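So the protein sequences, as listed, match chains A and B.
For the first sequence, the numbering used here gives the first residue as 1, with consecutive numbering after it.
For the second sequence, the numbering used here gives the first residue as 106, with consecutive numbering after it.
Watch out, some of these pointers could steer you wrong.
Cross-link-like lysine-lysine pairs, in silico, DSS-like; alpha carbons within 27 Å at most [claimed, not checked]:
hint, chain 1, residue 1, chain 2, residue 2
1, A, K71, B, K219
2, A, K83, A, K47
3, B, K219, B, K197
4, B, K151, B, K219
5, A, K83, A, K71
6, B, K219, A, K83
7, A, K47, B, K219
8, B, K151, B, K186
9, B, K191, A, K47
10, B, K151, B, K191
11, B, K219, B, K276
12, B, K197, B, K151
No lab work stands behind these hints: they were computed from the structure.
Every value quoted in this text rests on a predicted model; they were computed, and no experiment measured them.
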Amino acid sequence: MFTRLSLLLAVLMFSIAALAADNQYVLGVDGLACPFCAFGIEKRLNKVDGVTDIEIDIGDSVVRVTLQEGKTLTEEQARQAVKEAGFTLRSYAEAEGGSGGRDSQ
Amino acid sequence: MLKLGKWLGYSAVAILILVAILVWAGGAVNWNQEPPYELAQHWGEKGNGPAQFNDSTGIAITADAVFVADARNNRIQVFDKQGTFKRAFGNKVLGRPMNMAIAGDRLYVPDYFKDVIHVFTLDGEYRRAIAAEDGLNSPGGVAIRANGTLLVADTYAQRVVHLTPDGNVLKSWNGTGIGAGDFNYPTDVAIAADGGFYVADGYNDRVQQFGPAGEFIRKWGGPFGANIFGPFKGWFATATSIAVGADGTVYVADFYNDRIQKFTAEGSFLTAFGTLAQGPGHSEIALAVDADGTVWSANFAGNRVEMWRPAGKP
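So here's chain A without its partners, still in its complex pose:
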């Protein structure tokens, strides 16, 4: 009985953890090598509600944005933030493991 209860609790906790997982997005933006640009994009994405982390990957020319549980970054929000920073959004995708799964190139 105790084993079954433990198993049930474990499954429940796993499910809650999965539901509480942060949402991650990958934005394709060219010209990120210069911090005067990269920091400009970061600054604007930081204003989006729920953003907890932004990682700039110069090699792949992408910005990885993490939002807290329940928060989302729409393609329009991403496009607007990148545009305000002086760039064009090349691609938008929800990272593997995030909820949803929309891709736009």
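Position chain B against the provided structure of chain A, taking the given hints into account.
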């Protein structure tokens, strides 16, 4: 037949003129060129410990110390000139520190995220933040005039703004474009020997020079300083920092070309030097010049400080 020969003659002359313009604009015709500098010393690596950097974006010096803006670690690190770590500060207030300036016993740090100029003592004590009365928008660089007023490269506002120490706007040079006095993400300002100033006009790939009263004097960088980038002498691929030597010469960080270029006060090319970046990033992003002409640079991709001296000089 005679007509054809005439046209061929005109074409040859036109081609010759075009080649001459390109050669001139490329810096090949230049009587003032100097030998290059050599790397005399360097230190630093990626990380968040002492003498480690995570995106170094600014550098300033005194007679015996080197101050480095360690942007993603939200701090300023201080070293002696042999590279020994002395202290770090600013962690509680800094967002993204950029091209700094030292005047008297104060360090001025433009904050790209917080839209202010932070003022510290050289020991690292925080004094205050200067905000422009009409607001800054990602200031990338600052220079301090002899009277204590500030010239700020207000990068995302596409302007250079002259501020009192209290943040009142005395004058503003505005405008996006490639014309004289227009800007395209200006990144830094340096005071000229005559009391005027130079602007690293970042994405216009050029330098603009203004006189003591703020009047436009000249621009240079590629053909006619008209936002044409390239790797040739006197051309830029994003100018990210600017400094003036004791003799009035002008040094410019030419970021995407991984080099620093040196010019006369009037913009004639003298020499170029730098560390070629390994990997996807680029190197020479910020610089400062000692009284003896030693150049200190922040290598962005290499996360290190570099010291440069004219080749052959001990």
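When the structure is checked against the list of hints, which entries are broken? Sort them ascending. 9
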